[in-house]
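*Asks:* Given the sequences, and given the hints that come with them, work out the whole structure.
Protein chains in written order, with the numbering used here: chain Z, 1 to 298; chain E, 299 to 723.
Keep in mind the hints are simulated off the structure, nothing from the lab. One or more of the hints may lead you astray.
Not the full set, but computed from the structure, chain E residues with beta-carbon under 10 Å of chain Z [stated by the list, open to error]:
#, residue
1, 324
2, 325
3, 327
4, 328
5, 335
6, 541
7, 547
8, 550
9, 555
10, 557
11, 558
12, 560
13, 561
14, 606
15, 685
16, 697
Some chain Z residues well away from chain E (every beta-carbon gap over 12 Å; in silico) [what the hints assert, rightly or not]:
#, residue
17, 76
18, 196
19, 208
Backbone N, C-alpha and C fix where the C-beta goes; we use that ideal spot for every residue, glycine too.
As a plain string of letters, each chain reads:
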Amino acid sequence: MALPSYASPVQRTYYYAYLFFCAVVFFFLIAPLIAIVPISFSVSPFMVFTEGMLTWPPDPEAWSLRWYKNMIGDCSADVVSSTVPCSKKWMVGTVNSLFIGIIATAIATALGTMAALGLSRPHMPYKALIMSILISPMIVPLIITAAGMFFFYARINLVYTFTGVILAHVALATPFVVITVTATLVGFDMNMVKAAQSLGARPIRTFFKVIMPLILPGIISGALFAFITSFDEVVIVMFMASIDQLTIPKQMWAGIRQEISPVILCMATCLVILSIVLLTTVELLRRRSERLRGIKSR
Amino acid sequence: MEVIISTAELLTTDGIPLKQSLKKAERRNKIRAFFLVFPLLLFIVVTFVIPIGDMLMRSVDDSQINTVFPNTFEEYKKWDKGEDDLPPEEVYKNLFLELANGDKRQIGKALTRMNYAKSGWKSLIKKTSREIKKIVKKGEEPVSYKDTMIEINKFWADPTYWYSFNQMVNERSSIYYWNALDRTYNEEGDVILQDENRRMYIKTWIRTLKVSVYVTFFCLILGFPVAHLLANLPLRYSNLLMIFVLLPFWTSLLVRTTAWIVMLQQNGVINGVLVWLGILSDDGRIQMVYNETGTLIAMTQILLPFMILPLYSVMRVIPKSHMRAAQNLGAKPAMAFWRVYLPQTIPGMSAGGLLVFVLAIGYFITPELVGGKDGQLIGHWIAYHLKTTLNWGLCAALGSILLFVMLIFYWLYNKIVGIDNIKLG
Chain Z
1 MALPSYASPV QRTYYYAYLF FCAVVFFFLI APLIAIVPIS FSVSPFMVFT
51 EGMLTWPPDP EAWSLRWYKN MIGDCSADVV SSTVPCSKKW MVGTVNSLFI
101 GIIATAIATA LGTMAALGLS RPHMPYKALI MSILISPMIV PLIITAAGMF
151 FFYARINLVY TFTGVILAHV ALATPFVVIT VTATLVGFDM NMVKAAQSLG
201 ARPIRTFFKV IMPLILPGII SGALFAFITS FDEVVIVMFM ASIDQLTIPK
251 QMWAGIRQEI SPVILCMATC LVILSIVLLT TVELLRRRSE RLRGIKSR
Chain E
299 MEVIISTAEL LTTDGIPLKQ SLKKAERRNK IRAFFLVFPL LLFIVVTFVI
349 PIGDMLMRSV DDSQINTVFP NTFEEYKKWD KGEDDLPPEE VYKNLFLELA
399 NGDKRQIGKA LTRMNYAKSG WKSLIKKTSR EIKKIVKKGE EPVSYKDTMI
449 EINKFWADPT YWYSFNQMVN ERSSIYYWNA LDRTYNEEGD VILQDENRRM
499 YIKTWIRTLK VSVYVTFFCL ILGFPVAHLL ANLPLRYSNL LMIFVLLPFW
549 TSLLVRTTAW IVMLQQNGVI NGVLVWLGIL SDDGRIQMVY NETGTLIAMT
599 QILLPFMILP LYSVMRVIPK SHMRAAQNLG AKPAMAFWRV YLPQTIPGMS
649 AGGLLVFVLA IGYFITPELV GGKDGQLIGH WIAYHLKTTL NWGLCAALGS
699 ILLFVMLIFY WLYNKIVGID NIKLG
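*Replies:* Listed below in structure tokens is the structure:
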């Protein structure tokens, strides 16, 4: 959208002001995420740019990997500091987060995909009502969900257990699977199912041989959304998990709340990289899905 | 020529009328579709809908105390307050017996509830219970329970304590809702404002709405030009710039909040740059985080993608020829924008605006971490009563009110945009 050659000086000024404004907003969106990366490599135990980091040529004394070593549980003398003790908590948190995330994703993807298939059938009764119930966990604020689940799960002794946390995460994650898979099924040619069945395939075989290969990109995107939902989730974990269910977000929360340790920034940097990987994957899957369904890319 | 089509005569090979057979097949299809949805529906109802319903019930529930003092309350209801200053002997007697024989843990729970109604109940009952236990141990039966209890503690002759029973005798109570709005019952059972130093919820509700409105407004101001740029650039560039919007969208909320603390704190990046540029003196660093400003800045950045994405999808389909046509017909660019372009973006603005607003009023993590003392939203109090004071009734009432406000806005959103139009990524 370039400026036409006949634009007046006033229009030119407006146009450049507009571009400048947009640039500022883009900067506002991305700058905080970029800023934490160099600080995570600092020697200093405070979350700031130190003098040494800003000099040119770079001062090797000011940079180090000590907080990354701390994060992975290396406790040698140059890694710990008086304010940042060494602990295995980050690694324990990673294992727990992966465990909860993977199980929750598996259940959510299976349930969500089935439901999306049902909802896409032309004869589904009460479709709108059911859809709004199914995506309600995404809509209700997390703090309300956490309060309600805490009261209820306390009654049935599920608080402070892995089961409770996983059930809660599945409930939060399924709407994403339902929405993504339903979107993939729009424009899905149901005649292919009929063709498969008329050739004698049972419904389960039809699903695995005909439907699934075609909607697989949608299922994987949904699963990734589900995983990131569980992996990032902190409110439920804060109320429903004990120290045994320590996850990365819970440890980060503690890190920000109590110790203000630079190790948080190392984990944050890792999470930013993870989100770049996921974003790229989902985008590639979306393109593939559109190609598979014969929708022309815009 | 007249053609008569009679479906009744059309039979399938089994000899069943076609209509009936089709109906049967359709019913089977319906059941099959429903069976696919059923597991998830059941799961969500059990793990999510019932807990939320449970919370709604809890916000009006006052049954625990009624199971502890059933007879006392029964007799209490018979007391004619116009006639006597103090309740009749029967009330004293039943309370005496129920305190003597009741389960200690249940009484303890009830005491917490009684203290919400009137502070002082807890110590009064605890002291009295001890004395009652002694009397029971001795095996004496008091001649007058009323006199005995007043003898134990003179507060039993204070009618204000008895009046506070008024708000507890029913199994359903609206006290928590009134508390959530800074109100309480007085001795006569009328709703009055809380003492000045205990009013904090109305203030927080107003702040929650104010912050949400500001954040929505800022997101609109910042998001509109960006969405416009993205929608009008050639696809190659806009896809690239879209990363700036989608990357924060995909990044963990805690990471973004942490990043803002790093940026905004007193020796943080922004203050550092301002000092380095000479705009601020070294001891004149601005406090930008742990207050309302911090909440506003961080929430605006975090929610901005939710404004840009709907705006972008609306703007992308507005034909570029409209603006050119308007200018061709003599409108100045500003006029063309105002009269032709802007009205067409209203669906996008309302979708994005409502989405951001609704997300903002329920926000908890970001205000909790960067809000400090005066930047907290209502979610803070819900968490506080859930974890710290254990006043679950009040917690549930605050949550229910928030839920209700949310549902109104979602209903609006559904009317304007349609909930199944939510797209991801």
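*Asks:* Which hints, by number, does the structure contradict?
*Replies:* Per hint list: zero violations.
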